[in-house]
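Put together the whole structure using the sequences plus the hints.
One line per chain: the protein sequences are A and B, in this order.
One gets this note's numbering by counting positions in the first sequence from 1 and adding 7 to each.
One gets this note's numbering by counting positions in the second sequence from 1 and adding 9 to each.
It is worth saying that the hints were derived from the structure and are not from the lab.
Please read these numbers as outputs of a predicted model, since none were measured by experiment.
Among the hints, a few may not be true.
Claimed, not checked - No more than 20 angstroms apart at the CA atoms, straight line, and that leaves these computed lysine to aspartate or glutamate pairs for EDC-like: (1) K37/B <-> E49/A; (2) K37/B <-> E13/A; (3) K37/B <-> D30/A; (4) K37/B <-> E17/A; (5) K46/A <-> D88/B; (6) K85/A <-> E68/A; (7) K46/A <-> E34/B; (8) K79/B <-> D19/B; (9) K46/A <-> E87/B.
Stated by the list, open to error - Among the chain A residues that face chain B by a calculated CB cut under 10 angstroms, a handful are: (10) E15; (11) T20; (12) V33; (13) G41; (14) Q42; (15) T44; (16) L53.
Even for Gly, the Cβ is constructed at its ideal location relative to N, Cα and C.
Chain by chain, the residues:
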Amino acid sequence: MMTRIEFEQELVTIIQGITGLADGFVRVGYQLQGQPTFKTTENVILVAVTLFDSDYDKPIEKSYKEDVENDVLIESRKMTVGYQARLTIYGSSSVDNALKIKAMVQDNSIMKNLRANEIFLISSTPSPQRVPILLNQQWYEQVTLDLRFYAKVVYNKERNYIESVEVTIVTDTGEELEVAIVDPRPTT
Amino acid sequence: MIDVSEIIEDPDFASDYTVTRDAGEYVKGVWVPDTTDFNITSAVVPYSPQQAEYTENGDFITGEMAFYSKQVLYTTREDGISDVLTYEGVKYKISHVKLWGKFGYYKAIAMRISTI
Numbered sequence: 008m009m010t011r012i013e014f015e016q017e018l019v020t021i022i023q024g025i026t027g028l029a030d031g032f033v034r035v036g037y038q039l040q041g042q043p044t045f046k047t048t049e050n051v052i053l054v055a056v057t058l059f060d061s062d063y064d065k066p067i068e069k070s071y072k073e074d075v076e077n078d079v080l081i082e083s084r085k086m087t088v089g090y091q092a093r094l095t096i097y098g099s100s101s102v103d104n105a106l107k108i109k110a111m112v113q114d115n116s117i118m119k120n121l122r123a124n125e126i127f128l129i130s131s132t133p134s135p136q137r138v139p140i141l142l143n144q145q146w147y148e149q150v151t152l153d154l155r156f157y158a159k160v161v162y163n164k165e166r167n168y169i170e171s172v173e174v175t176i177v178t179d180t181g182e183e184l185e186v187a188i189v190d191p192r193p194t195t
Numbered sequence: 010m011i012d013v014s015e016i017i018e019d020p021d022f023a024s025d026y027t028v029t030r031d032a033g034e035y036v037k038g039v040w041v042p043d044t045t046d047f048n049i050t051s052a053v054v055p056y057s058p059q060q061a062e063y064t065e066n067g068d069f070i071t072g073e074m075a076f077y078s079k080q081v082l083y084t085t086r087e088d089g090i091s092d093v094l095t096y097e098g099v100k101y102k103i104s105h106v107k108l109w110g111k112f113g114y115y116k117a118i119a120m121r122i123s124t125i
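Written as structure tokens, this is what we have:
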């Protein structure tokens with residue numbers, strides 16, 4: 008399972024591989040302390056991951072597993088979440104880069120590291136949108152492309168469970184009966 | 010040109026503040042700051058009031074100070090983000106600089122980034 012920033016950095020690596028842009032020209036957006044912007048002569052892509060609503064993220068599956076080594080019971084809650092990676096693509100090659108990314112992310116070999124982390128591309132990628140913006144008195148090419156993914160996330164918690172209990176049955180005549188509770192699990 | 014810088018370091022006006030200067034780089038798309046600190050003794054004056062913003066997320070303090078310096082102070086540039094200035098324990102990030110270098114000094118307006 009990847010954190011949001013790990014996911015964004017993996018996307019940075021993937022997009023650099025597809026577009027051939029050098030290190031530092033594919034960037035994670037919304038960084039806490041800010042970051043230097045780019046020149047209007049440069050091709051730069053910003054990546055920002057958010058979530059989208061989906062019927063698939065509603066069921067939360069609960070399961071239990073015994074951790075024999077540590078003698079604890081693990082409760083797992085699994086769900087599917089929808090991630091939307093918004094790529095904001097700047098520069099004179101922005102349309103070309105957007106179309107290239109849209110096509111090449113379908114390549115299974117490119118996405119294998121994400122798949123290994125249970126993040127799967129939804130193959131029907133929407134069309135890129137071209138919306139030039141005015142920066143420092145110059146019209147600058149800007150294209151947005153949204154990639155959508157389903158990811159499996161699992162959260163674990165140690166749960167307490169009853170190891171043994173003492174049981175006494177007292178009959179209506181006051182007689183105490185011995186009771187043996189047997190662990191049904193096979194002993195090894 | 011008249012050099013008017015002497016007054017900004019006059020003990021009657023000067024205060025100590027620390028400049029945190031960044032020379033970071035991108036690592037897998039994330040800007041990783043690489044900072045060095047140095048001290049300046051020069052005039053520091055209020056530029057806008059320290060103001061409380063009462064929001065549903067808590068009370069934030071905002072405000073701006075003007076920092077004078079004989080050394081150049083930087084806003085964000087290609088190889089680093091804006092200088093962060095620490096004055097009386099509060100951090101301010103430079104939002105603009107007046108380049109009065111020919112007259113011997115620089116004036117930076119910095120916005121408070123310490124939220125409280």
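Checked hints:
1. The straight-line distance between the Cα atoms of K37/B and E49/A is roughly 18 angstroms, inside the 20 angstroms bound, and the hint therefore holds.
2. This hinted pair checks out: K37/B and E13/A have alpha carbons roughly 10 angstroms apart, not beyond 20 angstroms.
3. Taken as a hint, the K37/B and D30/A pair is honoured in the structure, with Cα atoms around 7 angstroms apart against an allowance of 20 angstroms.
4. Using a Cα cut-off of 20 angstroms, the hinted pair K37/B and E17/A holds, with the two alpha carbons roughly 8 angstroms apart.
5. Taken as a hint, the K46/A and D88/B pair is honoured in the structure, with Cα atoms around 13 angstroms apart against an allowance of 20 angstroms.
6. Taken as a hint, the K85/A and E68/A pair is honoured in the structure, with Cα atoms around 5 angstroms apart against an allowance of 20 angstroms.
7. Taken as a hint, the K46/A and E34/B pair is honoured in the structure, with Cα atoms around 16 angstroms apart against an allowance of 20 angstroms.
8. Restraint check for K79/B and D19/B: satisfied, since their Cα atoms lie roughly 12 angstroms apart, inside the 20 angstroms limit.
9. Between K46/A and E87/B, the direct Cα distance comes to roughly 9 angstroms. Compliance with the 20 angstroms bound is thereby established for this hinted pair.
10. Taking 10 angstroms as the C-beta contact cut-off toward chain B, the hint placing E15/A at the interface holds, the least distance being around 7 angstroms.
11. A hinted interface residue such as T20/A counts as satisfied when its beta carbon comes closer than 10 angstroms to some beta carbon of chain B; here the least separation is about 6 angstroms, so the hint holds.
12. Satisfaction of the interface hint for V33/A is found here, the shortest Cβ-Cβ separation to chain B being roughly 5 angstroms, below the 10 angstroms cut-off.
13. This hint holds: G41/A has a C-beta 5 angstroms from the nearest C-beta of chain B, less than the 10 angstroms allowed.
14. A least Cβ separation of about 4 angstroms between Q42/A and chain B falls short of the 10 angstroms threshold, and the interface hint therefore holds.
15. Checking T44/A against chain B by beta carbon gives a least distance of about 7 angstroms; that is within 10 angstroms, so the hint holds.
16. Taken as an interface hint, L53/A checks out: its beta carbon lies about 9 angstroms from the nearest beta carbon of chain B, inside 10 angstroms.
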